[in-house]
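**Q** Listed below are the residues making up each chain.
Protein chains: 2
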Amino acid sequence: MSQTGQPTALFELDRADHVRADPDALSELMGMRARLMKLHGLTPELDDNGCIKWGSLTEADPDAELVFLGLDGDRGCFAAVPKRPVQVQRGEFMATITRLHDRQFGIYAGARSLVDWHARHRFCAQCGAHTTIGKGGWQRNCVNPDCGASHFPRTDPVTIMTIERREEDGSRRLLLGRGLGWPGNLYSALAGFVEPGETIEEAVRREVMEEAGIPVAQVRYLASQAWPMPSQLMLGCTGVTFHEHIVVDRTELEDARWFSEEQVREVMSGRPGLFEAPPRYAIAHKLLRMWLEKV
Amino acid sequence: MSQTGQPTALFELDRADHVRADPDALSELMGMRARLMKLHGLTPELDDNGCIKWGSLTEADPDAELVFLGLDGDRGCFAAVPKRPVQVQRGEFMATITRLHDRQFGIYAGARSLVDWHARHRFCAQCGAHTTIGKGGWQRNCVNPDCGASHFPRTDPVTIMTIERREEDGSRRLLLGRGLGWPGNLYSALAGFVEPGETIEEAVRREVMEEAGIPVAQVRYLASQAWPMPSQLMLGCTGVTFHEHIVVDRTELEDARWFSEEQVREVMSGRPGLFEAPPRYAIAHKLLRMWLEKV
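Protein sequences, first through last, are from chains A and B.
Using this note's numbering, you'd call the opening residue of the first sequence number 768 and step up by one each time.
Using this note's numbering, you'd call the opening residue of the second sequence number 768 and step up by one each time.
Rather than coming from a laboratory, the hints here were simulated on the basis of the structure.
Warning: the hint list may mix true and false statements.
Said to hold, decoys possible - Straight-line Cα separation of at most 25 Å, DMTMM-like style, residue types lysine to aspartate or glutamate; simulated pairs:
hint, chain 1, residue 1, chain 2, residue 2
1, A, K850, A, D815
2, B, K1061, A, D923
3, B, K902, A, E1021
4, B, K1053, A, D828
5, A, K1061, B, E968
6, B, K1053, A, E935
7, A, K902, A, E826
8, B, K902, B, D791
9, B, K850, A, D913
10, B, K1053, B, E1033
11, A, K1053, B, E1021
12, A, K1061, A, D913
13, A, K850, B, E969
14, B, K1053, B, E1029
15, A, K902, B, E826
16, A, K902, A, E935
17, A, K850, A, D869
18, A, K1053, A, D869
19, A, K902, B, E977
20, A, K820, B, E969
21, B, K1061, B, E1019
22, A, K902, B, E1021
23, B, K902, B, E795
24, B, K902, A, D923
25, B, K902, A, D869
26, A, K805, A, D781
27, A, K902, A, D869
28, B, K820, A, D828
29, B, K902, A, D841
30, A, K1053, B, E969
31, B, K1053, B, D913
32, B, K1061, B, D1016
33, A, K902, B, E1060
34, A, K902, B, E1033
What the hints assert, rightly or not - Label-pair restraints from in silico Cβ distances:
hint, chain 1, residue 1, chain 2, residue 2, range
35, A, G951, B, R800, 46 to 54 Å
36, A, H868, B, M996, 34 to 42 Å
37, A, A788, B, R800, 25 to 33 Å
38, B, E826, A, A788, 39 to 47 Å
39, A, M799, B, P912, 39 to 47 Å
40, A, R800, B, P982, 53 to 61 Å
Glycine included, C-beta positions come from ideal geometry on N, C-alpha and C.
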């Protein structure tokens, strides 16, 4: 908080897990000083620096369920669950992410995933009865006493990977693909959900085999990122193959092909090149950069 | 498959993603040669080598929903969804996992997570209507035409981490904890769910701070494992700290403390030591071993 009592736009959010299960602490935090994330549906209001704008809880619909996001110092920060599930177009989401300040990405990603999950889980998947919000928004509870199931927000692990082929002359090639209906001439790293029963490394190998027919030898984890459309944990990996012939799965991809180091470097330098690179805020961008830097 | 037409107990399961959305291929695979995982509730029948036993689809309850697990060569492999959610005690689950062959872990883990998820998702979380199985068991669809939501099996990412403290004399200490109600004198790596909006590395730091009050500097991913109780993706990491004073979160842990390299080595060698090590099939066991080997 600044000296004037105005909240500073940039702050670290303490998730304050211990508060969630403490109804007294939670209701105390819902007082005058509480902050409400300014959301229109799932789209945040941002200031000129790309920082999320906050209001007070009085701005929320009186019937709205409130999710406790965490603490900014001693002030509770909340977000309101939309009345019904909101469909956000990819363009609107991308416009938000493009403008959003890097250091606010996690705060927005967490809030968006949570309130969207609540809006889509007002009923119990086990018995069909109503559910009510619990633990400050980190749980929903079935109201049917014969069921009483608890439900928790979900985060879906997704692998995303740069796959490298080494030529006999020592040069390197990178496997990139284009999803169906992707804008412009965008090519990016292949990606896919981790399935029940798999490790990260198995999921990488299965996805690359399914989508491009390429067997992958060694797989290495590089970095992760939250991706709130709707609630993924992107697991950035890199892998090596000695196989060249691509078989594109046309139900998933429009195209997949090998690019040379020079081609990727040109595109990532921002100059017009053979294809469009993934946007800078996507983990795919970071993975392509790491591939160029041989991380 | 062996020459005699009997299925071999050990085989690689091809998840055959392309079959799931192809009703004709699926129904063809459900013929005479199809294999059904022998499950009692969620507990598999195992042979003397710890391999899963399989029967034919005629052994399934005629009303049971069937999940397509994948292909063994050209034979479809399936598992039946229990009529109602099954509660498995930790002891029964551990007994299964202890006996299960290493190379069958992923097959069982995937099947168990899937059929358990179906048994708990017979209703639409969005509108409360019934759902029906779709895509060979990799989806459920709401029957209410005004809703029509699709639901997908979930996999919850969980971080689990060895945290190392380096002494001035160059010796190393390892942070381990005991969960509430854990058997015997078991100590293991701290662990916790990745929350919406977090990276793996952020989740590791938050969990270790919450559970033990220890700030973690550098975090490094080491390995992952599926854990079907009910459906986790365990993300094994290691981290370094320079902080000594532990503050145990008594709502989560019974104890947390530093162990010396000698103490951990003794316990992991199988000799009676200061504590009991996590069982060999758990990723925690692998993480402790990697810590000793300075991986």
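**Q** Please go over all the hints and tell whether each is borne out by the structure.
**A** Hints versus structure:
no.: 1; hint: A:K850 x A:D815; in the structure: violated (29 Å)
no.: 2; hint: B:K1061 x A:D923; in the structure: violated (31 Å)
no.: 3; hint: B:K902 x A:E1021; in the structure: holds (22 Å)
no.: 4; hint: B:K1053 x A:D828; in the structure: violated (50 Å)
no.: 5; hint: A:K1061 x B:E968; in the structure: holds (21 Å)
no.: 6; hint: B:K1053 x A:E935; in the structure: violated (36 Å)
no.: 7; hint: A:K902 x A:E826; in the structure: holds (22 Å)
no.: 8; hint: B:K902 x B:D791; in the structure: holds (11 Å)
no.: 9; hint: B:K850 x A:D913; in the structure: holds (16 Å)
no.: 10; hint: B:K1053 x B:E1033; in the structure: holds (15 Å)
no.: 11; hint: A:K1053 x B:E1021; in the structure: violated (40 Å)
no.: 12; hint: A:K1061 x A:D913; in the structure: violated (57 Å)
no.: 13; hint: A:K850 x B:E969; in the structure: violated (31 Å)
no.: 14; hint: B:K1053 x B:E1029; in the structure: holds (17 Å)
no.: 15; hint: A:K902 x B:E826; in the structure: violated (43 Å)
no.: 16; hint: A:K902 x A:E935; in the structure: violated (58 Å)
no.: 17; hint: A:K850 x A:D869; in the structure: violated (29 Å)
no.: 18; hint: A:K1053 x A:D869; in the structure: holds (13 Å)
no.: 19; hint: A:K902 x B:E977; in the structure: holds (17 Å)
no.: 20; hint: A:K820 x B:E969; in the structure: holds (24 Å)
no.: 21; hint: B:K1061 x B:E1019; in the structure: violated (28 Å)
no.: 22; hint: A:K902 x B:E1021; in the structure: holds (22 Å)
no.: 23; hint: B:K902 x B:E795; in the structure: holds (14 Å)
no.: 24; hint: B:K902 x A:D923; in the structure: holds (19 Å)
no.: 25; hint: B:K902 x A:D869; in the structure: violated (38 Å)
no.: 26; hint: A:K805 x A:D781; in the structure: holds (19 Å)
no.: 27; hint: A:K902 x A:D869; in the structure: violated (28 Å)
no.: 28; hint: B:K820 x A:D828; in the structure: violated (56 Å)
no.: 29; hint: B:K902 x A:D841; in the structure: violated (48 Å)
no.: 30; hint: A:K1053 x B:E969; in the structure: holds (18 Å)
no.: 31; hint: B:K1053 x B:D913; in the structure: violated (49 Å)
no.: 32; hint: B:K1061 x B:D1016; in the structure: violated (28 Å)
no.: 33; hint: A:K902 x B:E1060; in the structure: violated (41 Å)
no.: 34; hint: A:K902 x B:E1033; in the structure: violated (41 Å)
no.: 35; hint: A:G951 x B:R800: 46 to 54 Å; in the structure: holds (47 Å)
no.: 36; hint: A:H868 x B:M996: 34 to 42 Å; in the structure: holds (39 Å)
no.: 37; hint: A:A788 x B:R800: 25 to 33 Å; in the structure: violated (52 Å)
no.: 38; hint: B:E826 x A:A788: 39 to 47 Å; in the structure: holds (45 Å)
no.: 39; hint: A:M799 x B:P912: 39 to 47 Å; in the structure: holds (46 Å)
no.: 40; hint: A:R800 x B:P982: 53 to 61 Å; in the structure: violated (27 Å)
When held up to the earlier numbered hints, the structure conflicts with 1, 2, 4, 6, 11, 12, 13, 15, 16, 17, 21, 25, 27, 28, 29, 31, 32, 33, 34, 37 and 40 and fits the remainder.
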